[in-house]
Amino acid sequence: MSKEMVQMPDLSNYKMKNDRFRQARDGRSEVLGISCSNCSEPVMVYQKDGSGALIRCYLDRIAWPPNLSRLQEETELRELPNLACSSCDTVIGTPMVYREENRFAYRLIRGTFSKKVYKPESTT
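All residue numbers for the sequence shown refer to full-length UniProt numbering, where the first residue is 1 and numbers rise by one.
Derived from the structure by calculation, the hints contain no laboratory data.
Ranges of calculated distance between the beta carbons of each label pair, as one might list FRET restraints: (1) Gly111 / Asn13: 30 to 36 Å; (2) Asp19 / Cys88: 33 to 39 Å; (3) Gly111 / Asn18: 30 to 36 Å; (4) Asp89 / Arg110: 15 to 21 Å; (5) Glu101 / Glu41: 25 to 31 Å; (6) Val91 / Asn18: 29 to 35 Å; (7) Pro81 / Lys119: 28 to 34 Å; (8) Lys15 / Leu77: 24 to 30 Å; (9) Asp89 / Asp26: 35 to 41 Å; (10) Thr94 / Cys39: 15 to 21 Å; (11) Arg70 / Glu101: 16 to 22 Å.
Cross-link-like lysine-lysine pairs, in silico, DSSO-like; alpha carbons within 30 Å at most: (12) Lys15 / Lys48; (13) Lys17 / Lys119; (14) Lys17 / Lys115; (15) Lys119 / Lys15; (16) Lys15 / Lys115; (17) Lys48 / Lys116; (18) Lys48 / Lys17; (19) Lys48 / Lys115; (20) Lys116 / Lys15; (21) Lys116 / Lys17; (22) Lys48 / Lys119.
Backbone N, C-alpha and C fix where the C-beta goes; we use that ideal spot for every residue, glycine too.
Based on the provided sequences and hints, a complete structural model is requested.
The structure is reproduced here in structure tokens:
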């Protein structure tokens, strides 16, 4: 039995988060569609701040899906599940706390995901 492919959401009304974390990274941001490299299933939409490689995804920067964006409300690292593809169960990231900023994040596993720059109309 095959699952129906998940579609990335419409982000035409998405407003970029503009806070001290974005400012600390030169104020540059882009919205990325992250997909599973194994089956191409969309995993999340993420606001990446700053230039450089995508090494970790902060929970407060996940725009979609809602079940992932709500994880930032968790208070314990051990309560966070691995970041896995909903279609093929490939583990894409593991939970961590970025100690320098005391923020929950997923440490991404290289080669398990692909990314595409997403162009919402509203990027204020």
